[in-house]
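Novice: With the hints as a guide, bring both chains together as one complex.
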Amino acid sequence: MSDNGTFTPVIVGFLCNWCSYRAADLAGTSRMGYPATLRDIRIMCTGRLDPTFVLRALQKGADGVLIMGCHPGQCHYQEGNYKAIRRFALLRRTLRQLGIEDERVQLHWASAAEGVQFAQTVARVTEQIRQLGPLDWARNWPNEDPYAVEEAVHE
Amino acid sequence: MSEPRVGVYVCHCGHNIAGTVDVEHVAEWALNLPNVVVSRENKFMCASTGQEQVEQDIKEFDLTHVVVASCSPHMHEKTFRNACARAGLNPYMFEMANIREHASWVHANDKDGATNKAKALVSAAVSRVIFHEPLEPMQVSIRPETLVVGGGIAGIQAALEIADAGYHVYLVEREPSIGGHMAMFDKTFPTLDCSACILTPKMFDVGAHPNITLLTYSEVERVDGYVGNFTVRVRKKAGMVDQDLCTGCGSCWESCPIRIVDNVFEAGLGHRKAIYRPFPQAVPKYPVIDVPNCTYYKSGKCRMCEKVCPTNAIRFDMQDEVVELEVGNIILTTGFKLFDARRVPNYGYGRLENVFTSLEFERLTNAAGPTEGKIVLRDGETPPQSVAIIHCVGSRDRNYNTHCSAICCMSSLKFAHLVMEKTGAQVYNFYIDMRPLHKGYEEFYHRIMDEGAQFIRGKVSEITDAARSPEEDGKLVVVCEDTLIGQQRRVPVDMVILAAGLEPRADAQAVGYMFGVGCGDTGFFTERHPKLDPVATVTEGVFIAGACQGAKDIPDSVAQGAAAAARVLGTISKREVALEPIRATIDEERCSGCRICNNMCPYHAIDFIEEKGVSRVNPALCKGCGTCVAACPSQVITGAHFTFDQLMAEIDGILVDVLSDQPIVEAV
Chain A
1 MSDNGTFTPV IVGFLCNWCS YRAADLAGTS RMGYPATLRD IRIMCTGRLD
51 PTFVLRALQK GADGVLIMGC HPGQCHYQEG NYKAIRRFAL LRRTLRQLGI
101 EDERVQLHWA SAAEGVQFAQ TVARVTEQIR QLGPLDWARN WPNEDPYAVE
151 EAVHE
Chain B
1001 MSEPRVGVYV CHCGHNIAGT VDVEHVAEWA LNLPNVVVSR ENKFMCASTG
1051 QEQVEQDIKE FDLTHVVVAS CSPHMHEKTF RNACARAGLN PYMFEMANIR
1101 EHASWVHAND KDGATNKAKA LVSAAVSRVI FHEPLEPMQV SIRPETLVVG
1151 GGIAGIQAAL EIADAGYHVY LVEREPSIGG HMAMFDKTFP TLDCSACILT
1201 PKMFDVGAHP NITLLTYSEV ERVDGYVGNF TVRVRKKAGM VDQDLCTGCG
1251 SCWESCPIRI VDNVFEAGLG HRKAIYRPFP QAVPKYPVID VPNCTYYKSG
1301 KCRMCEKVCP TNAIRFDMQD EVVELEVGNI ILTTGFKLFD ARRVPNYGYG
1351 RLENVFTSLE FERLTNAAGP TEGKIVLRDG ETPPQSVAII HCVGSRDRNY
1401 NTHCSAICCM SSLKFAHLVM EKTGAQVYNF YIDMRPLHKG YEEFYHRIMD
1451 EGAQFIRGKV SEITDAARSP EEDGKLVVVC EDTLIGQQRR VPVDMVILAA
1501 GLEPRADAQA VGYMFGVGCG DTGFFTERHP KLDPVATVTE GVFIAGACQG
1551 AKDIPDSVAQ GAAAAARVLG TISKREVALE PIRATIDEER CSGCRICNNM
1601 CPYHAIDFIE EKGVSRVNPA LCKGCGTCVA ACPSQVITGA HFTFDQLMAE
1651 IDGILVDVLS DQPIVEAV
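Those protein sequences? They're chains A and B, same order as listed. Its first residue numbered 1, the first sequence is counted upward by one per residue in the numbering used here. Its first residue numbered 1001, the second sequence is counted upward by one per residue in the numbering used here.
Read the hints as simulated data drawn from the structure, not as lab findings. Mixed in with the good hints there might be a few duds.
[What the hints assert, rightly or not] The following label-pair restraints were derived from C-beta to C-beta distances: (1) Arg93/A to Glu1321/B: 46 to 56 Å; (2) Phe7/A to His1015/B: 27 to 37 Å; (3) Pro1137/B to Gly33/A: 34 to 44 Å; (4) Phe7/A to Gln1488/B: 49 to 59 Å; (5) Ile85/A to Glu1372/B: 49 to 59 Å; (6) Arg93/A to Lys1612/B: 51 to 61 Å; (7) Gln1488/B to Ile85/A: 43 to 53 Å; (8) Pro1137/B to Ile85/A: 27 to 37 Å; (9) Lys1612/B to Leu90/A: 25 to 35 Å; (10) Thr1231/B to Leu90/A: 33 to 43 Å; (11) Arg93/A to Pro1292/B: 46 to 56 Å; (12) Leu90/A to Arg1222/B: 31 to 41 Å; (13) Ile85/A to His1529/B: 22 to 32 Å.
All C-beta atoms in this analysis are idealised placements derived from N, C-alpha and C, irrespective of residue type, glycine included.
For reference, chain B alone in the conformation it holds in the complex (with noise of 0.2 Å):
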């Protein structure tokens, strides 16, 4: 091989980086390192010029090397590499030095040493690089199938436009019915549209399209293979009703003579039987049997179901069955949990009974609900003659969640508003900060103001039904510091509405672990940027949407389907993904078959070869981490871009004496 040589290219960033780092200086220092043919200096190496240079300077001075000290490689690795692609070095024959994000910017008050671990870094790229290999990107098809898991309005959302667009779904919903939260809700901020009347539509849709697989009732098991080719198992939970003979006549759990309260769909307020389907718009239609509260499980009498159903769809026998789906990209919609409002023992919930959760007076003020929407305290008649609804409850808490939930002021003034519309209660606002931020939503919360709703700024202290006088009698005190007068306030009222932050599902971290996607700090499913990759995670092939990345509202999870949906055509269209190449391979003629990097690899891609005697490295599973080939103690296991000599060579170039440019033990 001939001698290597190498062009640095060392990036202004305008002042973010030159307004620390001595740019000129360390271009300048630059040339003097082993192999460095040409260095250069530029305002931006990222815009059109930088670019340019790069491609000329390979021409002309034959690089066959390149180092660019700029930003995070997360930031312009791709465009450099595509640089060096243009002028046909092979891209991976390039390195980034981060001297931006890992230099100026956090050494602002220190530009000697800034400049100096600017070299430090330039050094090791210098030396990392010349150990590069060419590199080509794994080119795997792509199947046209997509898996959703979550039927709520994300999911729903998501299913849709990669059906309409002409590919085939399967949309996993763990509970009977689509539809998530917002089929529980009555009313949505800030038009005050009927929840159910715009969704039930697109559950309709759904249900019927011929390019979605409905599979209710059923939860992913596991998940195996790799962008373009993952193969999902999934456990559909055996209802007891054959879908393919059941009308969803209802004669079933009409005469089904268990009442159980419904604690997921009515939150508690209502009841259903132990043949059910959640509600009346559910789909599918089919209901299902709850077999830990069903007679017939228990004492083996009753059968009433199947007595009364006039298509003998009843199968008492039924097994789950566990299918296996073949598809392209997954997109997981698993939507949130509501704050367990009995974490606040200072609000009373579960001990003082006229105190609601946000979910409860959903159901409450649903025409469908447990009341037929009649807004009653918990005795089932009396309206309230006054009413406080407490904001943030377990959210912006240190002692709970430190995030803002994000629906809790615009949901608890369309509760405001729906009190006063049917009962003509006073209600009080009890608030942090008001955050009605997005498009109508200021207007609805003046709109509220100008009903006549109190607002209080302050957090609550506690909700007692001890009286301290005459009008604190038989009601619920709220005990709260009004911030803007400067007092503490006792407010007496019938009924309290306590609007619960939205959190990660209690099993997050488990979905999480099976799809490969992380959990944030709080708790939330991690995108793959939280700016310019919101729906993408960093497992290919894996999107997330909705409220399981975060809290958000009906039109943000709808965007973020929609969106992720997009990102999902746009790999079908392409047929196939180029994966980068960073993977491990084995040196067989030297493998000695100790097999244990075998049970090193997280992913399964290493097989022992019987025949042979030795491991080999499936490069479809391998994801590049590089467990193996730390781990092999013969050191036949490359891990391609990050190889021993690669990263021994970075060692020794970070350790320059960057006062010469000799290594620091040579200088001492």
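Next comes chain A alone, as it looks inside the complex (with noise of 0.2 Å):
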């Protein structure tokens, strides 16, 4: 981690199993190349994302994350990206109060179909990343008790 030109953010990804998972299956088939940024987690749906989750990854040292999900109305579970597009915008709320940059976590669709979509939403996340610079969230949160987190989304 360096200055912001040359810095090369971490980004957490949490990628729903049915449509975004698979468009980056895709994007590996065809050879869609991308930053080596986004590390990701595979959920069944983004209706699972705990917001928890967000802020533990924040915490342990993430520069951002990327939520992925079925586009609107293309749910496998029906509604469960609706699910999440509420849970975000609470989430966001939280993140502004706490400082966080509305860039550095973000929520978008790409369908199984999307290869290209999910490469291009990949490489312009960690750019808009890069601008911004290391978080380093861990320097500032004041509470070393990784169930301090949890404890403050449930109040």
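Specialist: And the structure:
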């Protein structure tokens, strides 16, 4: 981690099993290049995304979080992504209060057929976070106790 | 619990991974991760030697958990789970790190980046896997009955295959007769078989089959349940004719005084009565009353059909009937919609009278059609001297649909043949590319060229009746850049046929939603895997076949219908199916009974137990999405295989500082 010019961010991805994880697979099968900044975690549906996960990732050193799911109306579980949209809106408010820039935590859609869009999204989000520089939230986070984060969310 | 003992296996996948990721380094580095007791690299983990290595190590090193870093879990998760199971380890004590699709193949220009990412993904898997718990797949029994939705050729084929194998099929069709689009066609390419002659025997078989319950003029309203045990509610629309008494004699429609333009079967070229059956070979043979157009329902008078019916089968007071079907599997064969050619205003359909759509031409040339098979202009008598056939109308065009409709090249060639054979007219085909790609198709293309049809390569910009010269007077002028000679051309003709493309049904999204099937970006239903699983969907027990899955011709639709039937028969003969144990469970001891989760569940799988004041998940209905898990304010819902602890550990593991093996925060 160095200055903004050469800084390579670490982004944690949360990809739903049915659309965006498959879009990432398709990007791979089709050999579409994108920056090696995204470290992705598979969840069955963006509806499973507990906002705590995002805070944990930022707390543990991620410079950004990219959540991706099926397009609205195309959720494998019918409406999990709508639940994700609502939770994301609340999470974003919390993150703003904590001083986290909007670009660091983003929610996007990619269908299983959209490998190109997936690759482009990762490239775009990487560039935005690169501009912002490292988050270094761990240093600024006052409490070392990891469960303090979860409690903060649930209060 | 004793200390976890994790085995890590990093796959080369030939050069696919090792060409970019430093596999040896990743394997060596992984040995330093907590709980890892053995870490190996292997040329091909999915090969029997790779799998045997895992099995051997589980026994030799007493492994409690296994991580394989190779391709996507959608590719080989099952393979390695089975390997674990063979060595006596619960298959769910395994985790996969996807370092091919998500690392080596997308970061080919950044070998260090790819290697670092691979290390992070391996670390995440190792960190997560120790929280895995043994799970048992849920066994559910399969009802032997099957529902087929849509009575076109794909649905007919699927229904007959299953019924012939000895199992019961419910075939639901929206129109009064089965047959679908194929029943409207005159000839089929490339053999020029009469479409009705090859279809009607199959339709008759469906109607007469003891194992098929035919529900025409009916629509599915609701689907509940899960693979093996679906409950489907079907509305049988009131046809006002008692099918137990009707003989299909035809007295009623012969005497009905109301003539209505038939926009469905005759594509707007012919008429039908207010009591009608769509075509003479209809199955079932019974007519239905078109209520909005019937005089009796408008004014209370007429009742002509009732008077002439020799068996007193007319029931003006008949009501819709709702039936509930219990089925084990569902096959969707809901077909396609023809592109509306009015959407291309520069082609003049609907404005220039001698511009026809492909479906109109099918009816025109059909011996049972409105002109008894005579190819004539809109005036009903003049045969054309020259005909232009425009390919790719509404297909392969960013303004309308980007997909290729797959059938238009061949149906256009068939039209060319029929026009030349019946009228001797000069035929011009305007095409972008010729794609006659199946067996016998290329030969048919050459045959039509030999028969004298003209082929002009270029996308037609306009069809106009504004003449610029005496020979264009009174003609339709097809304006096009001939890309083979690099010149603008104006071709005057008497008749234009627009080879309209195939689109998803207008209600495909809503129908898909009801059955748990998604639509892709072209709007057709999405298959489980585009190459290796083309008729299954992501919803267990729901299959798709025919043109609802993507534009396709009759042979492909038949093949898919049969393929879907084979898949269904496979599950029926196994009698039960194992479901992924990825399910939510509620700890009733700790549930506060707030009921927030109750409304979260899209499958109504969570019930509130009044006497205990807690919520409970019905594991058979739960599909494991985890929405309730994330919503529970008391954190007492566990989403098996995606638990809070597992995902938290995965996050911690993925944020390892790949240069050391410390978490990033500690390394700062």
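Novice: Are the hints correct? Go through all of them and say.
Specialist: Status of each hint after checking the structure:
1. Arg93/A to Glu1321/B: 46 to 56 Å: holds, 52 Å
2. Phe7/A to His1015/B: 27 to 37 Å: holds, 31 Å
3. Pro1137/B to Gly33/A: 34 to 44 Å: holds, 38 Å
4. Phe7/A to Gln1488/B: 49 to 59 Å: holds, 56 Å
5. Ile85/A to Glu1372/B: 49 to 59 Å: holds, 58 Å
6. Arg93/A to Lys1612/B: 51 to 61 Å: violated, 36 Å
7. Gln1488/B to Ile85/A: 43 to 53 Å: holds, 51 Å
8. Pro1137/B to Ile85/A: 27 to 37 Å: holds, 33 Å
9. Lys1612/B to Leu90/A: 25 to 35 Å: holds, 31 Å
10. Thr1231/B to Leu90/A: 33 to 43 Å: Holds: the Cβ-Cβ distance is about 36 Å, inside 33 to 43 Å.
11. Arg93/A to Pro1292/B: 46 to 56 Å: The hinted range 46 to 56 Å holds for Arg93/A and Pro1292/B, with Cβ atoms some 52 Å apart.
12. Leu90/A to Arg1222/B: 31 to 41 Å: holds, 33 Å
13. Ile85/A to His1529/B: 22 to 32 Å: holds, 28 Å
The earlier numbered hint that this structure contradicts is number 6, and it is the only one.
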